[in-house]
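With chain C fixed as given, assemble chain X with the ligands onto it according to the hints.
So the protein sequences, as listed, match chains C and X. Each residue of the first sequence is one higher than the one before, starting from 1 at the first, in our numbering. Each residue of the second sequence is one higher than the one before, starting from 508 at the first, in our numbering.
Hints were generated in silico from the structure; no laboratory data involved. Backbone N, C-alpha and C define an ideal beta-carbon position, used for all residues, glycine too. Be careful, since some hints might not be right.
[Unchecked claim] Partial pick of chain C residues on the chain X-facing surface, computed with a CB cut under 7 Å:
#1 65
#2 67
#3 70
#4 243
#5 319
#6 347
#7 358
#8 359
#9 360
#10 365
#11 366
[Said to hold, decoys possible] Sample of chain C residues lacking proximity to chain X, with all beta carbon distances greater than 12 Å (derived):
#12 35
#13 39
#14 40
#15 41
#16 66
#17 226
#18 262
#19 274
#20 304
#21 338
#22 369
#23 442
#24 447
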Amino acid sequence: MLPSCRESIKTAVLLVPKFARFDRCVHTVRLKPNYTSVNYNVSRGGFAHLQKQHLYFFRDLLGEHRMISDTIELEKYNVDWFNNLRGCSSLVLKPKTTQEVSQILSFCNQENLAVSPQAGNTSVVGGSVPVFDEIILSTELMNKIISIDDTSGVVVCQAGCVLENLDTAVAEKGLMVPLDLGAKGSCQIGGNVSTNAGGLRLFRYGNMHGNVLGLEAVTADGNIIECLGTLKKDNTGYHLKHLFIGSEGTLGIITKVAIQCTTRPTCQNVAFLGAQNFRKVLKTFKLAKQDLGEILSAIEVMDSATMEFIGEKLNINSPIGDYPFYLLLETSGSNTNHDSEKIFKFLEIALNSHFILNGTVAVEHAKINALWSVRERIPEGFNLCGHLFCYDVSLPVENYFILVDEMKIHMGSLADRVFGFGHLGDGNLHLQIETKEFSQQIKDHLEPYIFKRTAQFGGSISAEHGMGFLKAKYLNLARPPSTVNFMKDIKQMFDPKGILNPYKVFP
Amino acid sequence: MARVLVGVKRVIDYAVKIRVKPDKTGVLTDGVKHSMNPFDEIAVEEAVRMKEKKVASEIIAVSCGPPQAQEVLRTALAMGVDKGIHVEVAGPEYETLQPIHISKILAKIVQNEKVDLVILGKQAIDDDCNQTAQMTAAVLDWPQATYASKIEYGSKEITVVREVDGGLETIKCKLPAVVSADLRLNEPRYATLPNIMKAKKKPIQKLTPKDLGVDTSPRVQIVSVEDPPKREAGVILPDVDSLVGKLKEGGHI
Ligand SMILES: Cc1cc2nc3c(=O)[nH]c(=O)nc-3n(C[C@H](O)[C@H](O)[C@H](O)COP(=O)(O)OP(=O)(O)OC[C@H]3O[C@@H](n4cnc5c(N)ncnc54)[C@H](O)[C@@H]3O)c2cc1C
Ligand SMILES: Cc1cc2nc3c(=O)[nH]c(=O)nc-3n(C[C@H](O)[C@H](O)[C@H](O)COP(=O)(O)OP(=O)(O)OC[C@H]3O[C@@H](n4cnc5c(N)ncnc54)[C@H](O)[C@@H]3O)c2cc1C
Chain C
1 MLPSCRESIK TAVLLVPKFA RFDRCVHTVR LKPNYTSVNY NVSRGGFAHL
51 QKQHLYFFRD LLGEHRMISD TIELEKYNVD WFNNLRGCSS LVLKPKTTQE
101 VSQILSFCNQ ENLAVSPQAG NTSVVGGSVP VFDEIILSTE LMNKIISIDD
151 TSGVVVCQAG CVLENLDTAV AEKGLMVPLD LGAKGSCQIG GNVSTNAGGL
201 RLFRYGNMHG NVLGLEAVTA DGNIIECLGT LKKDNTGYHL KHLFIGSEGT
251 LGIITKVAIQ CTTRPTCQNV AFLGAQNFRK VLKTFKLAKQ DLGEILSAIE
301 VMDSATMEFI GEKLNINSPI GDYPFYLLLE TSGSNTNHDS EKIFKFLEIA
351 LNSHFILNGT VAVEHAKINA LWSVRERIPE GFNLCGHLFC YDVSLPVENY
401 FILVDEMKIH MGSLADRVFG FGHLGDGNLH LQIETKEFSQ QIKDHLEPYI
451 FKRTAQFGGS ISAEHGMGFL KAKYLNLARP PSTVNFMKDI KQMFDPKGIL
501 NPYKVFP
Chain X
508 MARVLVGVKR VIDYAVKIRV KPDKTGVLTD GVKHSMNPFD EIAVEEAVRM
558 KEKKVASEII AVSCGPPQAQ EVLRTALAMG VDKGIHVEVA GPEYETLQPI
608 HISKILAKIV QNEKVDLVIL GKQAIDDDCN QTAQMTAAVL DWPQATYASK
658 IEYGSKEITV VREVDGGLET IKCKLPAVVS ADLRLNEPRY ATLPNIMKAK
708 KKPIQKLTPK DLGVDTSPRV QIVSVEDPPK REAGVILPDV DSLVGKLKEG
758 GHI
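Next up, chain C with everything else stripped away, as it sits in the complex:
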């Protein structure tokens, strides 16, 4: 008998590039990186070393199955997603409840043991892996969805829910998590909140500060801070939740969150467009905001060097032929006819005004996914480079691409490739410099330049990825001393011994 065709077409998704989509971060087999502490010349803080009696305590608390101390199994938790950083932790703990997290932290605090909180380990700045032998506290078993209210649209869940699973669960009730990013199959909502992740739909739905209604967190001494409200309005006292959002595991461990979901759109369109130069990209952007208005849900840009990059590394080709710039534009709404009328009118004007040279539009799920995958799969190529210097900057949109052009000149033959792509709608550029191998000399040549120019343009040196380990030393460049000192005071109050995610965020 023939297999069901619907099934075989689904299988074909894996075979045929047109239907290709990105489900999970792909790890390639590569040599292990050197230890971070060696590569980056860091010295260990004055924390205690793990002893037998510590292990007995954790075993009594969690049982053997929720601890990992096997060297091979530990690698997955010690090495970052980019395979650039490597810690040497000898213990992973996997609590399931807030109480367990509290007991672990209270014990670690008392024993002066450092802790590295880890969710999906997709951090791009080395925030989620230990630098030395910090105990890794993994939230991967804290994956319960506590409630979904389909009237208010509020979902309450544990921090370890994988973003994609959470989104699938709320979809059953006609809702959508207002956050979407390429790492959705691996990253966890707690990790997203801890990094104030931006992603592909921030343009429409705003960031985590707006969408997190409440959360529960445990501070370094094991104290449980309960601000898990599900109310849209709640002005009783200080809004402590905002301190934990984006604090990258340095102030406490987030154990539960309440997220305001949006109504899941019932119709979507994705247009993939080609433009002659960045000036035309901006004209298209402006026209899209004006003509698509409330249905515009994402607007992404990439340059031809990025397309060459994914062509070479991943064999992904432009669906519309070669152009200097590509725009991906998504609309989400509730009425197919209304939305397609709008988008086709917009496209006709954009084409007739020569803002865009060519393009294609997808209205079906499979093709929408295929077009999105061109953009979403870019990071898969990062692991296939000799070395890639990655910068995540915010820039006023009119100066968005100048930095990439300047960088090409500045790097000259030092770089194999300089390319830029990102969330145009949010003024967030991902600037990438590909070289044969890591070199301190190249780094010293490019970083001061990028940071100086970003500052001159009035931009930010970390738009959505946070400071983690890799960008921590630049905090002083980004904020005035009095502000940094005030941050340190807050850190001191939440975590006096500094056991939570040491070597991160602060220089």
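Only chain X with the ligands this time, still in chain C's reference frame:
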């Protein structure tokens, strides 16, 4: 140069989760995203490439179905088809429309339009019938080449590579002929904006089965449509020892 006819069926998009109607007479289609049957898209792509290679002179796409079937015809026109024919069949009549009816409709159009080559998808992903190409060849009394994964065009014949169990079979087939397209025949293109705009101005002719003298009275009756059995949830075991334990428990080792 050949005149080519392609069939394009509107089906529930393959990415949509199918829900069976509570009364088990069929599946829910209202408000569900539909798109062109993926194998038909491959057929359209093949025809458009033939035209680009100047082995085809004109491409006609046919879709039988409710008014919304015109959407997939527009998609085909945007991909490079010259003309669309919509054979309108709606409501209960459409629910019992079978490959036997479609093949008669197609055969009639083939004769009216003086078509030399028919390319159809090997099967539709909704009813999985895998009959239309074969029946159309039978009605026309033409040779057929099913499951094509490669086609070479001669002036009087085509050479078709077919994917068969365990290998490839190459056959020659005299024109006129009916071909059914398999997954690896080609990779369909994206319709570009200028072509999408142009497609809006291309003609779509409307017909009914009656116009073509085809009787669409049902030949089969749908007794019941059911969900496939639910897969039992898997369990995650912490280590090899407990796996071995479980397997022993289940009597598997
Ligand atoms: C007719 C009417 C309608 C209203 N409708 C609403 C409504 O729909 N929604 C709503 O939320 N509220 C409403 N309010 C109350 C609302 O809080 C205030 O109207 C408004 O937000 C306060 O602004 P204000 O400039 O008058 O501040 P004030 O009343 O002067 O001050 C409010 C508080 O902020 C402090 N404060 C003021 N300025 C500063 C500053 N620069 N730095 C630090 N602290 C400062 C003050 O010490 C005080 O505690 C309404 C009030 C009125 C009279
Ligand atoms: C392919 C890919 C695409 C990406 N796209 C985007 C994008 O579009 N936008 C964007 O903003 N980012 C993006 N990122 C980076 C992004 O920050 C992470 O993917 C995600 O937000 C981190 O979630 P995670 O669960 O992997 O957290 P991890 O990487 O495990 O942790 C991130 C940080 O949060 C801390 N942390 C984790 N869980 C907790 C907790 N429960 N309590 C306290 N601290 C905690 C960790 O210590 C670490 O400092 C991308 C990454 C990849 C690999």
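We went through each hint and held it up to the structure:
With a least beta-carbon distance of about 4 Å to chain X, the hint placing residue 65 of chain C at the interface is held under the 7 Å criterion. Against a cut-off of 7 Å between C-beta atoms, the interface hint on residue 67 of chain C is violated, since the closest Cβ of chain X lies about 11 Å away. A hinted interface residue such as residue 70 of chain C counts as satisfied when its beta carbon comes closer than 7 Å to some beta carbon of chain X; here the least separation is about 10 Å, so the hint is violated. The interface hint given for residue 243 of chain C is broken, as the beta carbon of that residue sits about 35 Å from the closest beta carbon of chain X, more than 7 Å.
Proximity of residue 319 of chain C to chain X holds as hinted, the smallest CB-CB distance being about 4 Å (cut-off 7 Å). At about 6 Å, the closest approach between the beta carbon of residue 347 of chain C and any beta carbon in chain X falls short of 7 Å, and the interface hint on this residue holds. The criterion of a C-beta within 7 Å of any C-beta in chain X is met by residue 358 of chain C, whose closest approach is roughly 5 Å, and the hint holds. About 4 Å separates the beta-carbon of residue 359 of chain C from the nearest beta-carbon of chain X, less than 7 Å, and the hint is met.
Checking residue 360 of chain C against chain X by beta carbon gives a least distance of about 4 Å; that is within 7 Å, so the hint holds. Interface restraint check: residue 365 of chain C against chain X, minimum CB-CB distance 4 Å, threshold 7 Å, status holds. Evaluation of the residue 366 of chain C hint against chain X yields a held restraint, the C-beta minimum of about 5 Å falling below 7 Å. With a minimum CB-CB distance of about 28 Å to chain X, residue 35 of chain C clears the 12 Å threshold, and the non-interface call stands.
The beta carbon of residue 39 of chain C is kept farther than 12 Å from every beta carbon of chain X, the shortest such distance being approximately 33 Å. The Cβ of residue 40 of chain C sits about 35 Å from the closest Cβ of chain X, beyond the 12 Å cut-off, so the non-interface label holds. Every CB of chain X is more than 12 Å from the CB of residue 41 of chain C (nearest about 38 Å), matching its label as outside the interface. A Cβ of chain X approaches the Cβ of residue 66 of chain C within 12 Å, the least distance being about 9 Å, so the stated non-interface status is violated.
No beta-carbon of chain X comes within 12 Å of the beta-carbon of residue 226 of chain C; the shortest separation is about 31 Å. At roughly 19 Å from the closest C-beta of chain X, the C-beta of residue 262 of chain C stays outside 12 Å, upholding its exclusion from the interface. For residue 274 of chain C, the non-interface assignment is contradicted: its Cβ lies about 9 Å from the closest Cβ of chain X, within the 12 Å cut-off. With a least CB separation of 18 Å from chain X, residue 304 of chain C remains clear of the 12 Å interface cut-off, as annotated.
With a closest Cβ-Cβ approach of about 15 Å to chain X, residue 338 of chain C is found to remain outside the 12 Å limit, as its non-interface label requires. With a least CB separation of 7 Å from chain X, residue 369 of chain C falls inside the 12 Å interface cut-off, contrary to its annotation. Listed as a non-interface residue, residue 442 of chain C keeps its Cβ farther than 12 Å from every Cβ of chain X; the least gap is roughly 38 Å. The claim that residue 447 of chain C lies off the interface holds: its Cβ sits roughly 39 Å from the closest Cβ of chain X, which is beyond the 12 Å cut-off.
Against the hints set out earlier in the document, violations occur for numbers 2, 3, 4, 16, 19, 22.
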